[in-house]
Amino acid sequence: MSKNTGRIIGISGNLIRVEFSESVIQNEVGYAVVGDTRLKAEIIRIQGSSAEMQVFEDTTGLSVNDPVEFTGEMLSVQLGPGLLTQIYDGLQNPLPALAAECGFFLQRGKYLDPLDRQKKWAFSPQAQKGDTVSAGDSLGTVPEGIFEHRIMVPFRLRGDYTVDVIQPEGEYTVDTVVATLKDERGETHDVTMVQTWPVKVPIQAYAERLRPTEPLITKVRIVDTLFPIARGGTYCVPGPFGAGKTVLQQITSRHAEVDVVIIAACGERAGEVVETLREFPELTDPRTGKSLMERTLIICNTSSMPVAAREASVYTAVTIAEYYRQMGLNVLLLADSTSRWAQALREVSGRLEEIPGEEAFPAYLESVIAAFYERGGVVKLRDGSVGSVTIGGTVSPAGGNFEEPVTQSTLKVVGAFHGLSRERSDARRYPAIAPLDSWSKYDSVVNDEDVALARKSLRDGNEINQMMKVVGEEGTSIDDFVIYMKAEYIDAVYLQQDAFNDVDAATDAERQEYVFGRIMKIVRTPMSFEDKEATRRFFQSLTQVTKDWNRVKMDDSGFKELEERIEKMISEVTDYA
Amino acid sequence: MHKVYTQLDRIAGNVISLVAEDVTYGELALVQSDQGSSLSQVIRIEGNRVFLQVFAGGRGISTGAEVRFLGRVMQVPFSEALLGRIFDGSGDPRDRGPAITQNMIPIGGPSVNPAKRIIPRNMVRTGIPMIDVFNTLVESQKLPIFSIAGEPYNDLLARIALQAEVDVIILGGMGLKHDDYLTFRDTLEEQGALSRTVMFIHTAADPTVECLLVPDVSLAVAEQFALQGKRVLVLLTDMTNFSDALKEIAITMEQIPATRGYPGDLYSQLASRYEKAVDFEGAGSITLLAVTTMPGDDVTHPVPDNTGYITEGQFYLRNGRIEPFGSLSRLKQLVNSKTREDHRAIMTVMIQLFASYRETLEKQSMGFRMSAWDSKLLKYGQRFETEMMDLSVNIPLEKALDLGWSILADCFDPEETGAPSKLIEKFWPNDHSQETQKEESQEVASV
Chain B
2 MSKNTGRIIG ISGNLIRVEF SESVIQNEVG YAVVGDTRLK AEIIRIQGSS
52 AEMQVFEDTT GLSVNDPVEF TGEMLSVQLG PGLLTQIYDG LQNPLPALAA
102 ECGFFLQRGK YLDPLDRQKK WAFSPQAQKG DTVSAGDSLG TVPEGIFEHR
152 IMVPFRLRGD YTVDVIQPEG EYTVDTVVAT LKDERGETHD VTMVQTWPVK
202 VPIQAYAERL RPTEPLITKV RIVDTLFPIA RGGTYCVPGP FGAGKTVLQQ
252 ITSRHAEVDV VIIAACGERA GEVVETLREF PELTDPRTGK SLMERTLIIC
302 NTSSMPVAAR EASVYTAVTI AEYYRQMGLN VLLLADSTSR WAQALREVSG
352 RLEEIPGEEA FPAYLESVIA AFYERGGVVK LRDGSVGSVT IGGTVSPAGG
402 NFEEPVTQST LKVVGAFHGL SRERSDARRY PAIAPLDSWS KYDSVVNDED
452 VALARKSLRD GNEINQMMKV VGEEGTSIDD FVIYMKAEYI DAVYLQQDAF
502 NDVDAATDAE RQEYVFGRIM KIVRTPMSFE DKEATRRFFQ SLTQVTKDWN
552 RVKMDDSGFK ELEERIEKMI SEVTDYA
Chain E
147 MHKVYTQLDR IAGNVISLVA EDVTYGELAL VQSDQGSSLS QVIRIEGNRV
197 FLQVFAGGRG ISTGAEVRFL GRVMQVPFSE ALLGRIFDGS GDPRDRGPAI
247 TQNMIPIGGP SVNPAKRIIP RNMVRTGIPM IDVFNTLVES QKLPIFSIAG
297 EPYNDLLARI ALQAEVDVII LGGMGLKHDD YLTFRDTLEE QGALSRTVMF
347 IHTAADPTVE CLLVPDVSLA VAEQFALQGK RVLVLLTDMT NFSDALKEIA
397 ITMEQIPATR GYPGDLYSQL ASRYEKAVDF EGAGSITLLA VTTMPGDDVT
447 HPVPDNTGYI TEGQFYLRNG RIEPFGSLSR LKQLVNSKTR EDHRAIMTVM
497 IQLFASYRET LEKQSMGFRM SAWDSKLLKY GQRFETEMMD LSVNIPLEKA
547 LDLGWSILAD CFDPEETGAP SKLIEKFWPN DHSQETQKEE SQEVASV
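Line by line, the protein sequences give chains B and E. Residues 2 to 578 in our numbering are what the first sequence lists, from first letter to last. Residues 147 to 593 in our numbering are what the second sequence lists, from first letter to last.
It cannot be assumed that every hint is accurate.
[To be verified] Away from chain E, derived, C-beta distances all over 10 Å, residues of chain B:
| hint | residue |
| --- | --- |
| 1 | Y32 |
| 2 | I47 |
| 3 | A208 |
| 4 | H256 |
| 5 | A371 |
| 6 | A372 |
| 7 | F403 |
| 8 | D556 |
[Claimed, not checked] Restricting the straight-line Cα-Cα distance to at most 27 Å, the calculated cross-link-like pairs of lysine-lysine (DSSO-like) are:
| hint | chain 1 | residue 1 | chain 2 | residue 2 |
| --- | --- | --- | --- | --- |
| 9 | B | K533 | B | K569 |
| 10 | B | K121 | B | K291 |
| 11 | B | K291 | B | K554 |
| 12 | B | K457 | B | K533 |
| 13 | E | K568 | B | K569 |
| 14 | E | K568 | B | K548 |
| 15 | E | K572 | B | K548 |
| 16 | E | K522 | B | K470 |
| 17 | B | K554 | E | K484 |
| 18 | E | K572 | B | K554 |
| 19 | B | K533 | E | K525 |
| 20 | E | K568 | B | K554 |
| 21 | B | K457 | B | K470 |
| 22 | E | K509 | B | K470 |
| 23 | E | K525 | B | K470 |
| 24 | E | K522 | B | K533 |
| 25 | B | K130 | B | K183 |
| 26 | B | K554 | B | K522 |
If you are wondering where the hints come from, they were derived from the structure by calculation, not from laboratory data. Ideal placement from N, C-alpha and C gives every residue a C-beta, glycine not left out.
Build the full structure now, drawing on both the sequences and the hints.
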């Protein structure tokens, strides 16, 4: 650590102005010292011999002339075995350890080691002495829960290296030197199980980036069928408050078919994180039979925690996601909410007295958002394996109006848009993804023809409904009315899902294909009814039965029975003319 | 030793500035001039220039006023003796009781470690069906009451204060009309609830800065009670006044406004207060209900909008009733499965039918013919409005659920409700429909 120190010359909220004499780096981390407390801060602007730094903590008690110690390093995270199952704040402080030490409340200026330094990991070497390796290549592995955690050549090393020494199989702590590498000039570099990486720089130690094509199954029917997500793709979920953004993300984090889930709770309610935190260890992952927590990592910087750390938290999360991607794993990063992160940018920008853009957001908002989402993607690693980072961000637009800067900047760079609507959530139609406004550029799990028909039905149904509001039910022809009821039926039994029913909450791809095909067949069936009242009654009971069908497991005997009952009901009204 | 400064070089609104040494950020200072004395707080330091926010406002301060830095942050007394007392935003007594100065605690303390939080698990019973049945209030929940000026929001708060099953009530009033303050005081006193209540009141006539202190002071005291194992209910009214005070200070400080003049950190400011709601494992809890008036009934106004993103749901108060649409308790799912098995079903079914009733009303107002289904809905809607929604209804949850079934049975056939068949078998009042039919036929006969 360099001895470079500066002194405070101004304080405004969490922004301090620091005078320095030696050289400093943009985005360098420094510690403001008040008494025996050291407060972490980051340089965000430099002018002449003074730098403006955002402090990641409450600045109460700081005064002019207090020293600031510069570290010579940019804001970084530690990467190594033991990250999974952890709960970190935005600066990678382990919160459970902090709670054990400080009790109920967070303590200012308390920074703990993100990784357990005492724990021993069973290392098995992969590389051999004399091998030529470069950044990101695996030297060996340690088992971390359900994964083989690769110990890789540090990403910061450029060029080719020769393995000089490699430790034999054995139990080591993370700080043990497991390999020594020699560069072209003969200099040696020690490699431990931990490496640090600056959070704002993407990790690029891979062979090539691929196009995201494989669907990522979330088991949410409306998503997988109508608005699919691809592994390595990006999507956003904007919606007014109370439309169910967070619940949707929670459901996704539970059921998504990926290896690792990273949840970045950024400036949102603490209570929501707690649900994940307390429930995940109890839930089993159907794919592995182990606790869901084993594949999960939570970065948690809730709304009452310091604002500047909120901005850091999304970067911390995406950097860790990229790290696991480098092991050939599929990672899903859920950021809730990117608007809070944008607001943190706005607060800092305001304090810096920068010329504001729209709604006082800084002019660089768009490029910052684009750069963040661009860190998602599928990559082919040098050993041929494929890893991916999928990013799903919620957006909380002011007033629920999507025409605001954060939503608009996000829409430009994502591959799928799941717009939540207040109307649907008010009508308790969950998940409240608006079927007519949302879109996706990725491939669906069901066949395109059926999807196109479903879209058409929903659109037609909506038009008829609008018309009916003007001319009334009596002014609507019975044929139109049937179209409308069919659209309502698709909505009720397929698009809506009961998150509290174990079976209905998660529908896998196979079942989606089967059920969706069946429902579309019903939609295609011409039907005749005596009058509208009879139509309504028929669809009410059909909906009821189909909903019951949704709640039965596919291999249950009840599944076939209910299906037959549905078929019988349909055959009674089929118009064979 | 604390030096005394007597050279103010700027007075703008409630903010004064002077040149001073060795001042720490956030520290308090006493400003004394001929017009009286007031506390103030350091809100910005630029070299040796210090900016202070004067709690009593800038009016009457002379450039030669004495400023003495106190070397401490804002504090408030805490003891059992607070119960039954009324204070202003600075913690000075507003009733005729003595000032309390022992056991001072700082306000606006650090936030709770998320890893130490637990999943809320207890319902707070209020005896109001629109809350208990449809949007259950849960211990440690934070909920705003969205309302327009003129709605009886303070009456609702007072009723909740009287009926809610909690140990301590902290009432924080911001920009309260003096009449409203007196109403609160008298209502709580008459019904004998004052002895478990602490009030921090800022009235519309008091200095703006004190308004900003009310939530912090209230929540700091609430936190102490909660740590002692008490279940505390904090009632704040009205957070829009609080936000407007924030706006006033931000503009005076020449901050760039974000939307409609409000500062860019409005969300964080509100969140740091609301997030104080907590359930301490092994100790008590803080539940928070806050009135947010919506200027022009516009929920997209920055204050209700930001609030909605922070809180765990919201109650809409409209036409003197808690409106079922838009009102939402996000935590209700955590408790309503443990109350009675039909709670969730009644909640969903009744609201869905009520939504259809609203649609029918719309159709009716446009002069469309009413189908048989429509007439059923109309009957249902009217009963629902008078027997469930009316704010004067005060019945326990179980009675309210029974009432729900009897209203449904009176208006519909079982399969029309969409309720799960199992529950219908168990709870549907079997003879009810016949009875009603009889009654109806009798009515017809008597006509």
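Here is how each hint holds up against the structure:
1. Y32: Holds, since 16 Å exceeds 10 Å.
2. I47: Answer for B/I47: holds, closest chain E Cβ roughly 18 Å.
3. A208: Fine: 39 Å to the nearest Cβ keeps B/A208 off the interface.
4. H256: B/H256 is indeed farther than 10 Å from all Cβ atoms of chain E, at 18 Å.
5. A371: Per Cβ check, B/A371 is outside 10 Å of chain E; nearest 22 Å; holds.
6. A372: For B/A372, whose nearest Cβ neighbour in chain E is about 22 Å away, the distance exceeds 10 Å, so it holds.
7. F403: Since the minimum Cβ distance to chain E is about 12 Å, B/F403 lies beyond 10 Å and the statement holds.
8. D556: holds (23 Å)
9. B/K533 / B/K569: holds (21 Å)
10. B/K121 / B/K291: holds (22 Å)
11. B/K291 / B/K554: holds (21 Å)
12. B/K457 / B/K533: Within the cut-off at roughly 22 Å; holds.
13. E/K568 / B/K569: With Cα atoms ~23 Å apart, E/K568 and B/K569 stay inside 27 Å; holds.
14. E/K568 / B/K548: Between E/K568 and B/K548 the Cα gap is close to 14 Å, so the pair holds against 27 Å.
15. E/K572 / B/K548: Holds - the C-alpha atoms of B/K548 and E/K572 are around 20 Å apart, at most 27 Å.
16. E/K522 / B/K470: holds (19 Å)
17. B/K554 / E/K484: The given pair, whose Cα atoms are some 25 Å apart, holds under the 27 Å limit.
18. E/K572 / B/K554: Within the cut-off at roughly 25 Å; holds.
19. B/K533 / E/K525: holds (21 Å)
20. E/K568 / B/K554: With Cα atoms ~19 Å apart, E/K568 and B/K554 stay inside 27 Å; holds.
21. B/K457 / B/K470: holds (20 Å)
22. E/K509 / B/K470: Holds, at about 7 Å.
23. E/K525 / B/K470: Measuring from Cα to Cα gives roughly 21 Å; hence the hint holds.
24. E/K522 / B/K533: The given pair, whose Cα atoms are some 16 Å apart, holds under the 27 Å limit.
25. B/K130 / B/K183: Since the Cα atoms of B/K130 and B/K183 sit roughly 11 Å apart, the hinted pair holds (cutoff 27 Å).
26. B/K554 / B/K522: holds (21 Å)
Comparing the model with each numbered hint stated earlier shows that all of them hold.
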